[in-house]
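Hey, can you work out the whole structure from these sequences and the hints?
Just so you know, the sequences run in chain order A and B.
This note's numbering puts the first residue of the first sequence at 48, with every later residue one more than the last.
This note's numbering puts the first residue of the second sequence at 44, with every later residue one more than the last.
In short, the hints are calculated from the structure, not lab data.
Incorrect hints may appear among the rest.
What the hints assert, rightly or not - Computed list of lysine-lysine pairs in DSS-like fashion (alpha-carbon distance at most 30 Å, straight line):
no., chain 1, residue 1, chain 2, residue 2
1, A, K489, A, K466
2, A, K49, A, K234
3, A, K49, B, K141
4, A, K168, A, K49
5, B, K72, A, K168
6, A, K303, A, K234
Small disclaimer: the values here were computed from a predicted structure and weren't measured.
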Amino acid sequence: MKFFFTYDPDYALRLSPCPELDRPDGTRALAFLTPGLPLGLARVVLENARRQVRPNWLARCGLDGAVRRLGPAGRSGMEWSQREPRAAVLRALAASGLPAREWAWQEIRESRDLAPELLVKEEVFSTRVRGRQLSEGDLTRLGRELGLLEEDVLRLAELAVQSGAGEWVPALVRETAGWRCQRCGSKQVEEWPDDWGTAATCLSCTCLGSLTSRQALYRDRRRILVSSAFRFQPVGELNSAQAAAAEQLLDFMRGKESEALLWAACGAGKTEVCFPAIAWALSQGRAVLFAAPRQDVVHDVAPRLAAAFPGLSAPVLTGASSRRFAAGELVLATTHQVLRFHQAFEVIILDEMDAFPYAGGPMLAWGLQRALAPGGKILYLSATPAPEILQRARRGACRLIRLPARYHRRPLPVPRWVKLTMPWGAAGLSQCPPALAAELEKLVAHGPVLLFVPEIPWVERWVAVLRQTFPAWRIDGSWSADGDRQAKTARLRRGEYEIFITTSILERGVTIRGAQVLVLAADHAVFGLRGLVQMAGRAGRTADFPGGEVVFAADRRSRAVVEAIRWIEEQNRLAAAEGLLD
Amino acid sequence: MTWRLGLIGLSAGICWLLAGRWEWNVPPKWTGALLAVLSRWRRTWPVAHCSFRLDAADADLEHSLWRLRRNLPGLETELRSLVAVDVELCGEILPAAKEVIASCQRRYPGIQVGNPEEQEA
Numbered sequence: 048m049k050f051f052f053t054y055d056p057d058y059a060l061r062l063s064p065c066p067e068l069d070r071p072d073g074t075r076a077l078a079f080l081t082p083g084l085p086l087g088l089a090r091v092v093l094e095n096a097r098r099q100v101r102p103n104w105l106a107r108c109g110l111d112g113a114v115r116r117l118g119p120a121g122r123s124g125m126e127w128s129q130r131e132p133r134a135a136v137l138r139a140l141a142a143s144g145l146p147a148r149e150w151a152w153q154e155i156r157e158s159r160d161l162a163p164e165l166l167v168k169e170e171v172f173s174t175r176v177r178g179r180q181l182s183e184g185d186l187t188r189l190g191r192e193l194g195l196l197e198e199d200v201l202r203l204a205e206l207a208v209q210s211g212a213g214e215w216v217p218a219l220v221r222e223t224a225g226w227r228c229q230r231c232g233s234k235q236v237e238e239w240p241d242d243w244g245t246a247a248t249c250l251s252c253t254c255l256g257s258l259t260s261r262q263a264l265y266r267d268r269r270r271i272l273v274s275s276a277f278r279f280q281p282v283g284e285l286n287s288a289q290a291a292a293a294e295q296l297l298d299f300m301r302g303k304e305s306e307a308l309l310w311a312a313c314g315a316g317k318t319e320v321c322f323p324a325i326a327w328a329l330s331q332g333r334a335v336l337f338a339a340p341r342q343d344v345v346h347d348v349a350p351r352l353a354a355a356f357p358g359l360s361a362p363v364l365t366g367a368s369s370r371r372f373a374a375g376e377l378v379l380a381t382t383h384q385v386l387r388f389h390q391a392f393e394v395i396i397l398d399e400m401d402a403f404p405y406a407g408g409p410m411l412a413w414g415l416q417r418a419l420a421p422g423g424k425i426l427y428l429s430a431t432p433a434p435e436i437l438q439r440a441r442r443g444a445c446r447l448i449r450l451p452a453r454y455h456r457r458p459l460p461v462p463r464w465v466k467l468t469m470p471w472g473a474a475g476l477s478q479c480p481p482a483l484a485a486e487l488e489k490l491v492a493h494g495p496v497l498l499f500v501p502e503i504p505w506v507e508r509w510v511a512v513l514r515q516t517f518p519a520w521r522i523d524g525s526w527s528a529d530g531d532r533q534a535k536t537a538r539l540r541r542g543e544y545e546i547f548i549t550t551s552i553l554e555r556g557v558t559i560r561g562a563q564v565l566v567l568a569a570d571h572a573v574f575g576l577r578g579l580v581q582m583a584g585r586a587g588r589t590a591d592f593p594g595g596e597v598v599f600a601a602d603r604r605s606r607a608v609v610e611a612i613r614w615i616e617e618q619n620r621l622a623a624a625e626g627l628l629d
Numbered sequence: 044m045t046w047r048l049g050l051i052g053l054s055a056g057i058c059w060l061l062a063g064r065w066e067w068n069v070p071p072k073w074t075g076a077l078l079a080v081l082s083r084w085r086r087t088w089p090v091a092h093c094s095f096r097l098d099a100a101d102a103d104l105e106h107s108l109w110r111l112r113r114n115l116p117g118l119e120t121e122l123r124s125l126v127a128v129d130v131e132l133c134g135e136i137l138p139a140a141k142e143v144i145a146s147c148q149r150r151y152p153g154i155q156v157g158n159p160e161e162q163e164a
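Written out as structure tokens, the structure is:
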């Protein structure tokens with residue numbers, strides 16, 4: 048998208064992608080410079096032009112403020128009092144080192160009003176973009192969702208900018224230490240030559256669509272509208288420990304602290320514990336974001352929130368969502384989708400904060416902070432918090448709320464280490480070792496077995512081997528890139544498998560009635576302490592099957608295996624000491 | 044010992060000063076002849092045709108074409124073959140993309156960029 052310098056006779060010089068919309072009124076001509084430039088370059092030229100401008104006699108007498116036309120509050124662009132801004136822009140362009148172009152000021156006399164059908168769509172557009180930060184590609188896709196042409200959606204965005212409701216920012220900006228992406232904050236870019244000189248493309252957030260320094264981002268400054276017409280209808284009653292944690296969360300929401308961590312045992316019902324706090328925030332007109340690093344977690348929470356808040360508009364935004372720009376006061380999103388928001392939410396709840404990819408790098412944490420409105424609150428939920436946040440909690444920088452017991456008041460199943468030596472992996476595996484077959488028979492007698500493997504190629508291999516060993520059993524598997532993943536997970540939830548083989552994708556946010564857990568090669572380097580605790584946490588989650596068994600099958604007791612067992616025992620001890628177990 | 048070190052230092056200084064005079068550049072005629080031989084040799088290579096499909100609406104189209112161009116010499120050396128690249132653009136080509144395509148065709152003559160629908164028409 049190109050931006051044009053526009054100038055009206057009332058000393059206003061600004062940048063606009065649609066100069067025909069930039070007329071201050073219908074009586075005066077508006078000058079605009081052709082050809083247009085990418086926003087990042089145009090802004091630099093504008094700054095340089097401003098430096099060149101000599102204040103006129105009014106400015107020297109300190110009276111320029113009296114004659115300068117003040118635009119609407121927050122309007123992007125720059126206005127100043129001067130003798131000839133147009134010449135200053137041309138001088139700044141000549142001095143900028145940009146390749147020569149045939150610059151020419153043109154005039155618009157005829158006003159081009161928006162078509163009536165576009166004005167009708169304006170309200171829908173405004174609702175969809177509130178609090179968002181959208182690339183040009185996003186705007187085009189939003190236009191498609193609304194049945195608008197690309198140029199029309201740009202016009203609506205520009206109208207919002209002119210009214211002070213939004214702003215255009217360069218997608219990547221050059222800082223002293225290099226480029227920085229304005230969407231994800233990353234400095235990891237690739238530079239390449241184009242007609243204007245050196246451009247850059249962000250390499251970190253390409254999953255949301257490519258972003259280059261030649262593009263602009265539209266940022267909407269309006270708050271998300273929160274309707275008071277919703278009901279909070281808790282599905283079940285909270286037990287005493289959950290109620291106490293919920294009360295502490297409410298206290299956090301009402302108080303002055305900005306960060307809290309709810310450290311709850313796997314299956315403690317931490318999501319439901321947050322519902323009263325969410326209801327309170329919404330009743331106060333505060334927009335709420337429920338984010339998680341993984342799609343499965345978001346899809347698992349969505350129906351529970353919908354049941355507790357009937358009538359509330361709660362869009363689910365993941366990479367698989369067909370409608371990316373649905374509006375709502377309670378947004379459920381993966382942490383990647385959060386990068387499309389800017390200072391939009393007064394309350395952010397981040398579930399599974401220690402999970403990949405959120406825990407894998409600073410980009411998503413940066414995005415989450417950017418999505419938080421000034422003065423907003425972040426609540427982290429985790430069963431296995433990272434040492435950094437625990438340290439912050441110890442220092443008092445973050446409030447710590449603990450919920451060490453499960454909602455059904457039974458202890459967490461403590462994993463059992465079983466020594467199993469065999470040439471692990473996909474290669475060379477032709478039959479199931481008898482010791483493992485015996486363990487599986489024992490576990491299947493109690494319920495469906497979730498069999499975790501450390502590497503993706505193992506899944507299909509073990510599915511084949513176990514189908515051969517147990518032909519009467521229903522056995523399947525899934526991994527992150529499996530196209531059939533959602534359908535298989537749904538069948539797993541309905542209890543349609545005896546054994547389900549998976550990688551760490553199902554280690555969190557999934558509840559399967561009566562599930563038993565077996566971790567193959569638990570001493571593998573990819574299985575860390577937190578992952579093992581989460582996998583063990585899949586067993587015994589429901590009140591009708593609170594037991595369950597967890598087996599860590601490995602050649603040796605790795606440090607992670609020992610620490611995971613110790614972690615779970617510690618949680619059970621704490622829960623017992625607080626009288627939270629029956 | 045000291046005078047020896049001084050002598051070594053002095054010699055190093057003189058070498059440093061004279062090095063610029065001794066510098067020798069390959070004469071342009073020789074360079075031209077060498078390049079012509081290389082070019083003739085390369086022309087004997089077979090030509091491999093590669094086709095790529097890119098989305099015309101991709102904001103990073105220019106960058107993708109630049110990457111393609113950057114990796115072409117390496118690919119040619121690896122295959123010991125000249126590589127002719129055809130890029131087919133899918134979807135509607137908007138005026139902004141047309142500008143990008145024109146600029147890339149000017150700068151990267153080894154890459155043919157086109158819209159199959161337009162070519163058929």
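How the hints compare with the structure:
Our distance criterion of 30 Å between C-alpha atoms is met by K489/A and K466/A, whose separation comes to about 16 Å. A distance of roughly 24 Å separates the Cα atoms of K49/A and K234/A; the hinted pair therefore holds under the 30 Å criterion. Of the supplied pair hints, the one linking K49/A and K141/B holds, its CA atoms being roughly 14 Å apart against a limit of 30 Å. Distance restraint check for K168/A and K49/A: the Cα-Cα separation of roughly 24 Å lies within the 30 Å cut-off, and the hinted pair is therefore satisfied.
The straight-line distance between the Cα atoms of K72/B and K168/A is roughly 68 Å, outside the 30 Å bound, and the hint therefore fails. With a C-alpha separation of about 33 Å, the suggested pairing of K303/A with K234/A is violated against the 30 Å cut-off.
Hint compliance for this structure: hints 5 and 6 are not met, and every other hint is.
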